[in-house]
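Chemist: Line by line, the protein sequences give chains A and B. If you count the first sequence from 1, position 116 lands on 116 in the numbering used here, and the numbers rise without skipping. If you count the second sequence from 1, position 296 lands on 296 in the numbering used here, and the numbers rise without skipping.
Just so you know, these hints were derived from the structure itself, not from any lab. We put the CB at the ideal spot given by N, CA and C, even for glycine. Possibly wrong hints are sitting among the right ones.
Covered, in the sense of this in silico footprint (three residues per stretch, anywhere, with C-beta under 8 Å from a C-beta of chain A), are these stretches of chain B [to be verified]:
#, region
1, 170-184
2, 525-535
Below, simulated DSSO-like cross-link-like pairs (lysine-lysine); rule was C-alpha separation at most 30 Å, straight line [to be verified]:
#, chain 1, residue 1, chain 2, residue 2
3, A, Lys177, B, Lys515
4, B, Lys515, A, Lys161
5, A, Lys100, B, Lys495
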Amino acid sequence: MNKNILILIFFSILFYSCENIPNKSFNNPLDTEVANKILSDTTISNKFGEKLNLPALVFFPDTIQSNIGSSFEIGVYALDIKENQELVMCDIFIDFDHRKIEVDSILPGIFFDTDSSLGFVPNLTEEKKTFSNNNGLLQISAMGLNEGNHGTSQIAKIVFKVNFDGEIILSFNNRSKFLNATESQSDILFKELENINTDFFKGTIIVEK
Amino acid sequence: MLKNKSKLLFFILINFLQGQSIWLGSSNESDKNLLWHNNSNSIQISWEPIPNATSYEIAIGLSESFPTEILNWTLFNQQNFNNSNILLREATINQNFFEGYDYYFFVRNASNINEQLPPLGPVKMDFISPKIGTLTLKQNDEIDNYAFTNSQKIRVECCNFSDLKPARGDSSGINSFEFEIINKTLNQSVIDTFNFPDDISQCKIFNPDKNYFFNQNDKYFIQVKAIDQAGNSSQIVKSITFEYDDIPPISGFIHDINSKSTIYDDLDISSSEETLGAYWYDFVDENTGSGIKSYNFKLLDGNDNLIHEKILSNSESSYIISTEDNIELIDSMEYKIEIFAEDSALNRSDTSLSDGIIIDASGPTISSITPNNLQSYLYPNMNNIITIKFSEKVFKPKMEDISVEYTQNENFISPNFNITQPFDTTTRIESFELELLPTLVSKDSIKITINNLTDINNLSETANYLIPVGILGDFNNDYIVNEDDIELFEKEWEKNSINADLGPEDGNFPLIKSKKNKILDIEDMKTFYKIFDYYKDD
C-alpha cells in the first residue's frame with residue numbers, strides 16, 4: 001500500500017475517534033514546559049475554567065474512570081517548584097467524598113528522595129490506619145532531610161477503593177502547605193511557600209455502575 | 001679336785017652347747033632356762049635320761065659351799081620320791097629353801113656314779129612379789145580414766161611397777177604383765193599377757209587386744225598384775241569401770257545471733273563488726289548413751305576460713321564471741337557457724353551449719369539503676385521503667401522519700417513518676433521499679449534521690465544516682481541521631497506509635513522535650529528535622 005495512503009487513513013481514524021475537537025485546556029499537568037507557556041497565557045484555563053499559577057500541587061492523572069469495587073491509583077505531584085524555593089517538607093490535605101471512595105494506602109513518591117536514606121514519606125496502608133476515611137480528609141506529610149528539592153516530581157500516590165458510582169472530585173484543601181527551611185543562629189525556621197496553586201487541578205473520578 | 005673342776009667346766013660347756021640337761025619344772029617344761037624359784041618349801045626338777053640308767057641320785061648344793069662341799073646324794077626312785085615319776089625323770093624336792101641363796105642341782109646314774117649330768121644352777125630363790133604401780137585408761141592425750149569410750153582399742157598406761165629386792169641377793173625382776181579385760185555386765189573376761197622383762201620405772205602404755213569385743217552399753221574394767229621371773233605375781237590393780245558407746249549424738253539446729261539478740265531468733269544480718277554468736281538446740285544423745293559432753297563451736301568466714309573456735313560445755317546452748325577475743329568481722333562478709341556435739345565416749349555428731357549471717361555495718365546504698373532492661377539511657381519520649389537495686393535489703397521507700405529531678409535544665413518541672421509494684425512499706429526488698437512518665441528532657445540527666453533508705457538494722461541513708469537521658473529522635477538509642485534513625489522514625493510513624501510524636505518540641509536545643517500533642521503530623525517532622533540538623537555534624 002502506498003505510504004501516503006496509509007498516513008491519510010491513520011489521521012482519518014484519529015480525527016473521527018475524538019469525541020470533541022480539543023480546545024486549549026491544559027490536560028497534561030506534568031508538562032511544565034506547556035504549563036509555563038500557559039502560565040504566561042492568562043487566557044488559558046483548565047477544564048474547570050480556572051487560570052493556572054505555578055508552582056502547583058496537582059493530581060495525575062486528573063481524570064480516572066473506574067468501577068464499583070475496584071481500586072485506582074492517583075499520583076500527587078509537586079509541579080515546577082522553583083530552584084530558589086527548595087522544598088524540604090510538605091503537608092498536603094486532600095478532600096474526597098468518603099461516601100463513595102475510601103483510602104486504601106498511601107505510597108511514597110520520589111520527590112523527597114525516598115529512594116535515599118534522607119527521604120521521609122510514610123508508607124501507610126489501610127491496616128496501619130494512621131489516616132481516617134471517616135471525614136473525607138486525607139493528610140500526607142512528607143520530608144526530605146537534605147538541602148531541599150525543586151522541580152516537578154511525584155510526592156506520593158494514593159490508592160483508593162471505589163464504593164459508589166458517580167463523579168467524584170478530589171481536591172487539595174487550602175490547608176496544604178509547602179515548606180522550606182532557613183537556618184538562624186540557633187534554630188531552624190520553616191517558611192511556608194506562598195502562592196502554591198492547589199486549586200487549579202482537581203482529580204476527577206468517573207465511576208460507572 | 002682339779003680334775004673334778006675340769007670335769008664340771010666340761011659339763012657346763014656341754015650344757016651351753018646342747019641346752020640344759022637338768023631344768024626347773026616338769027619334764028615337758030617349755031622354758032628350760034629358768035634359774036629363779038619362788039617356793040621356799042618345794043622345787044621340781046626334771047632331767048635328760050642317762051643311757052642304761054634305771055635309777056638316779058640327786059644332790060643339792062649351795063653356791064657358797066659348792067663345789068667344795070661334800071654332796072649329800074640321795075637315791076631317787078619312786079620309794080624315795082613319792083610325788084615323782086621315774087619314767088618322766090621328774091623329782092619334787094621338799095625342803096626349805098632360803099631367799100637370796102643360789103642352789104645347784106645334781107643328777108647321776110645310781111648304778112654308775114661316774115655318769116653324772118651337768119648340774120643345774122645357780123638357781124636363785126626370790127620369794128618377793130613385784131610392787132604395784134598405777135593403771136590409767138587412756139583414750140587420747142586429753143582424757144584419762146574415761147567412763148565411756150567409743151574405741152574397741154584399749155590403751156592402758158602402767159606406771160612405777162617394779163620387783164622388790166629381797167634382803168639377801170637380787171630380785172628376779174619383772175618378767176611380764178597380765179591384763180584381764182572384764183565384762184562386768186556379762187561376767188566374762190579375757191586375759192592378755194605381755195612379756196616385759198624389766199621394771200617400769202616411769203610409765204609404759206600397753207594395748208591389750210586379745211579376743212575381746214566391746215558391746216554397746218556393757219560395762220567393763222581392766223585389771224593388771226605384774227609377774228616376776230621367779231613367778232611371783234604382784235597384787236592386782238583395777239581400772240575404773242567404763243562403758244562402751246559408739247553411737248554419736250544427733251545434730252541439731254543453729255541460729256545466728258549477735259550481742260543484741262534477746263530471743264535468739266535467727267538473724268540474717270548483723271550490724272556488729274565485733275561480736276557474733278549462735279544459739280543451738282535439738283542436739284541430743286541417745287537415752288542410754290554417754291550423754292553430750294561438749295559442743296564445738298566454729299565461726300567461718302565466706303571463704304571457709306576459721307575465724308574463731310571454742311569448746312563449750314554441755315550446759316551451754318548459746319555463745320557470743322567476746323569482744324576480748326578481738327575478732328574483726330568484715331563489713332558485707334557472710335559468716336557461718338558450725339557446731340557439732342561430742343558425747344563422753346568422744347563420738348561426734350554431724351556438724352550443723354547455720355544459714356549464714358551477713359555483717360552490715362553500713363547503711364544501704366543504691367548499687368545500680370538500670371533503665372528499660374539494661375539500656376544505657378532513658379527514653380526521652382516514652383515511659384521508662386527503671387530498676388533500682390540496693391546494696392542490701394531495705395524497707396520499701398515511700399513515695400515522699402523519692403525525688404526525681406533534672407540536673408541541667410531548670411526550666412522544666414521535674415519528671416513525674418510512679419512506683420510500679422504494690423506498695424507495702426513493711427516489706428524488705430533488694431530492688432524495686434520506678435516508672436518515669438513521658439516526656440523527659442532530651443540529653444539531660446536525671447538525679448534520683450531516695451531519703452530514709454532503711455535496712456533491717458535501722459541504718460538509714462540518703463542515696464542518689466544519676467542516669468542520663470537519651471536524645472529525642474534517637475530511635476536506636478545509640479546516642480547519635482543519624483540516617484539510621486530516619487528509617488526507624490518512619491517505621492514508628494507507620495505504626496502510629498507515640499514514640500514518633502516528637503513535635504512540637506519545648507525548650508532550647510539540645511535540652512528539648514516533646515510537647516506530645518498525640519498526633520503524628522508535620523510538627524513531628526519539623527522537630528526531627530531540627531534534631532537531625534543539630535546532631536548531623538557530631
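Chemist: Now, for every hint given, state plainly whether the structure supports it.
Modeler: Status of each hint after checking the structure:
1. 170-184: violated (count 0)
2. 525-535: Check passed, 7 qualifying residues.
3. A:Lys177 to B:Lys515: holds (22 Å)
4. B:Lys515 to A:Lys161: violated (36 Å)
5. A:Lys100 to B:Lys495: holds (27 Å)
In summary, the numbered hints that this structure violates are 1, 4.
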